[in-house]
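Enquirer: Line by line, the protein sequences are chains D and L. If you want this note's numbering, it's the 1-based position in the first sequence plus 27. If you want this note's numbering, it's the 1-based position in the second sequence plus 635.
It cannot be assumed that every hint is accurate.
Said to hold, decoys possible - Negatives, chain D to chain L, calculated, CB over 10 angstroms: (1) Y35; (2) E41; (3) G51; (4) L52; (5) I54; (6) I58; (7) I62; (8) I65; (9) L102; (10) K105; (11) P109; (12) L127; (13) W136; (14) L147; (15) L183.
Unchecked claim - Okay, derived cross-link-like pairs now, BS3-like style, lysine-lysine, Cα gap no bigger than 30 angstroms in a straight line: (16) D:K70 to L:K683; (17) D:K175 to D:K70; (18) L:K683 to D:K68; (19) L:K689 to L:K730; (20) L:K689 to D:K66; (21) D:K92 to D:K175.
Just so you know, these hints were derived from the structure itself, not from any lab. The beta-carbon is built from N, C-alpha and C at its ideal position, and this holds for glycine as well.
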Amino acid sequence: MIFFSSLYIPLFHEFSLLLHSTAGLLIITSILMFIVTIKFKQKRTVLPIILISLLLSVVFAQGAKEIYHEDRTCLSDKVACPTSPSFPSSHATVGFALLLPSIGTPAFWIYLLYAILIALSRLYLGVHSLFDIAGSLGVALIGYTIAKFIVIKLRLVAHEIRV
Amino acid sequence: MRSEYERQIIHIILGILFIVLNYFIGRELLSILLFFVILLGLILMQIKLYHKYKLPYVDKLLFKFERPRVTPGLGSLWYVVGVFITGLMFIDFAKFTAVILILAIGDGFATIFGLSGRHPLPWNKRKTVEGTTAFIIGGSTVLLIYPSPLTFFIILLSAIGESIPSCIDDNILIPLIAGTLFFIF
Numbered sequence: 028m029i030f031f032s033s034l035y036i037p038l039f040h041e042f043s044l045l046l047h048s049t050a051g052l053l054i055i056t057s058i059l060m061f062i063v064t065i066k067f068k069q070k071r072t073v074l075p076i077i078l079i080s081l082l083l084s085v086v087f088a089q090g091a092k093e094i095y096h097e098d099r100t101c102l103s104d105k106v107a108c109p110t111s112p113s114f115p116s117s118h119a120t121v122g123f124a125l126l127l128p129s130i131g132t133p134a135f136w137i138y139l140l141y142a143i144l145i146a147l148s149r150l151y152l153g154v155h156s157l158f159d160i161a162g163s164l165g166v167a168l169i170g171y172t173i174a175k176f177i178v179i180k181l182r183l184v185a186h187e188i189r190v
Numbered sequence: 636m637r638s639e640y641e642r643q644i645i646h647i648i649l650g651i652l653f654i655v656l657n658y659f660i661g662r663e664l665l666s667i668l669l670f671f672v673i674l675l676g677l678i679l680m681q682i683k684l685y686h687k688y689k690l691p692y693v694d695k696l697l698f699k700f701e702r703p704r705v706t707p708g709l710g711s712l713w714y715v716v717g718v719f720i721t722g723l724m725f726i727d728f729a730k731f732t733a734v735i736l737i738l739a740i741g742d743g744f745a746t747i748f749g750l751s752g753r754h755p756l757p758w759n760k761r762k763t764v765e766g767t768t769a770f771i772i773g774g775s776t777v778l779l780i781y782p783s784p785l786t787f788f789i790i791l792l793s794a795i796g797e798s799i800p801s802c803i804d805d806n807i808l809i810p811l812i813a814g815t816l817f818f819i820f
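Chain L on its own, in the form it takes in the complex:
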């Protein structure tokens, strides 16, 4: 459980770091950097999944921060993919920041507070009302950038999307939902 809290703190910090990185190096350089990171991640994943080799430092990192009983490194990879796709989608830095804040803080809060929640959602017993509410509250930091009812509606839809059971990882689902909505509106 403590590891889950640590994981979410890192999830939030990383999101903020990506925003800062985008600010300093720009969309194109960030996208190219993440492109190589993702390619490397895919290669490492192949080595672990198919060849089942042990990778000294990587295995230690994954053991410390990844959830048990999941494909190792997958959550982290999807997180980078989520940021990568968001960076590609938005030329506008403010919209990029908005989506990443929803992903980092919204999703991070949802897990942190949802773990100790006691009221499961009707449509997904694995998630809680407390967690979804925390997502909305955490994601509402975006209102500092775009203070409007539409922004709140986007945060709400992202929270609902995150709560629905799906084979798509949250780290890519949330940017897809929030990113598409910010793109359209």
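In isolation and in its complexed conformation, chain D is listed as follows:
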């Protein structure tokens, strides 16, 4: 991971910097979700669970940061080292929160690529470790589990959720 964060990859560098800002992450995620939802007609099928999963996962990630309060060790000076706790990565949580509800749909591969790119960008910038990224998946899994429960109980989707 130290090796990866010491590299300079031009296009990926710009992409990582764009995703690093909250506004950049929000805009890119929103655009991606909009395109995918329209393209694969997921407004009534996957979108409700994705939105709830995303919200819960981000909240849980912030909660976990406060509970574990793991100090961040930044491995490069590509960006100013954030002062917030490092475990888990909020950015990577967003990626995984989009990925999990899309299993069994054509959007899975797009969200998988996005989740991997976000995770790699955090490692590339040296602001997170692989363990922080793993924590993001854990938080997203909990968020998705509860989102699924809510969606099924409130009958927000008509189809069966197979995963």
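On the provided structure of chain D, position chain L as indicated by the hints.
Expert: Showing chain L alone in chain D's frame:
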């Protein structure tokens, strides 16, 4: 039916193996390892569910050990997820062990003995009094680590949670219940 017994024996053994693995490689390495296993599992699940491709060795394994009429590989994946989340939650190895023992032995016993049970639970006709009792007895191995009334209370709540009909898989529900309670107390 015999396949179900085999499945639960593997369920119990795997839980113990994860505990041993955590002991030797530590929480962080275990979490990273399981992270990649889960990602791979999600990809395989997508290939099976959406693309419906045949996967030579995977299909054979799933046919042998997975329950019929369920999404293939899902139970196994949720089990790994349950262990993964527990590993992330607990820095304390003893608490990790306690939760995994409840999942592995408690849930394993519940299925093994519950299958031949004759007294369905009032709130869930698909599960039996015998199975829930077996869960409590099996889960009580945790008392060897934390011998206290509170531990028994956690095991009891986990057993009740496992018996309630829910869309959440037991393999993730039990770690969430037991893990949250051990975390708080």
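Enquirer: Each hint: holds or not?
Expert: Evaluated hints:
Under the 10 angstroms C-beta cut-off, the non-interface status given to Y35 (chain D) relative to chain L holds; the minimum distance is some 25 angstroms. At roughly 26 angstroms, the least C-beta separation between E41 (chain D) and chain L is larger than 10 angstroms, which holds for a residue marked as non-interface. With 10 angstroms as the threshold on Cβ separation, the claim that G51 (chain D) sits away from chain L holds: the shortest Cβ distance comes to roughly 25 angstroms. Consistency note on L52 (chain D): stated as away from chain L, and its beta-carbon is indeed over 10 angstroms from all of that chain's, at 21 angstroms minimum.
With 10 angstroms as the threshold on Cβ separation, the claim that I54 (chain D) sits away from chain L holds: the shortest Cβ distance comes to roughly 26 angstroms. Residue-level check passed: I58 (chain D) sits 23 angstroms from the nearest beta carbon of chain L, beyond 10 angstroms. The Cβ of I62 (chain D) lies farther than 10 angstroms from every Cβ of chain L, with a closest approach of about 19 angstroms, so its non-interface assignment holds. Every beta carbon of chain L lies more than 10 angstroms from that of I65 (chain D), the smallest distance being close to 19 angstroms; the non-interface claim holds.
Separation of L102 (chain D) from chain L is adequate, the least Cβ-Cβ distance of about 16 angstroms exceeding the 10 angstroms criterion. Distance check for K105 (chain D) against chain L: the nearest CB is about 23 angstroms away, which clears 10 angstroms, and the non-interface claim stands. A cut-off of 10 angstroms between C-beta atoms confirms that P109 (chain D) is not in contact with chain L; the least separation is 21 angstroms. Remark: the non-interface label on L127 (chain D) conflicts with the geometry, its nearest Cβ contact in chain L lying 8 angstroms away (cut-off 10 angstroms).
Non-interface status of W136 (chain D) relative to chain L is broken: a Cβ of that chain comes within 10 angstroms, the nearest being about 8 angstroms off. Listed as outside the interface, L147 (chain D) is consistent with that label: its C-beta sits roughly 13 angstroms from the nearest C-beta of chain L, beyond the 10 angstroms cut-off. With a cut of 10 angstroms on Cβ distances, L183 (chain D) stays outside the contact zone with chain L, its closest approach being about 13 angstroms. Distance check on the hinted pair: K70 (chain D) and K683 (chain L) sit about 24 angstroms apart at the alpha-carbon level, within 30 angstroms; holds.
For the given pair, K175 (chain D) sits about 16 angstroms from K70 (chain D) by alpha-carbon distance, which is consistent with the 30 angstroms threshold. Between K683 (chain L) and K68 (chain D) the alpha-carbon distance is near 21 angstroms, which keeps this suggested pair within the 30 angstroms criterion. Distance hint between K689 (chain L) and K730 (chain L) is unfulfilled; the C-alpha atoms sit about 40 angstroms from each other, more than 30 angstroms. This hinted pair checks out: K689 (chain L) and K66 (chain D) have alpha carbons roughly 27 angstroms apart, not beyond 30 angstroms.
Among the hinted pairs, K92 (chain D) with K175 (chain D) is consistent with the structure: their alpha-carbon atoms are about 24 angstroms apart, no more than 30 angstroms.
Hint compliance for this structure: hints 12, 13 and 19 are not met, and every other hint is.
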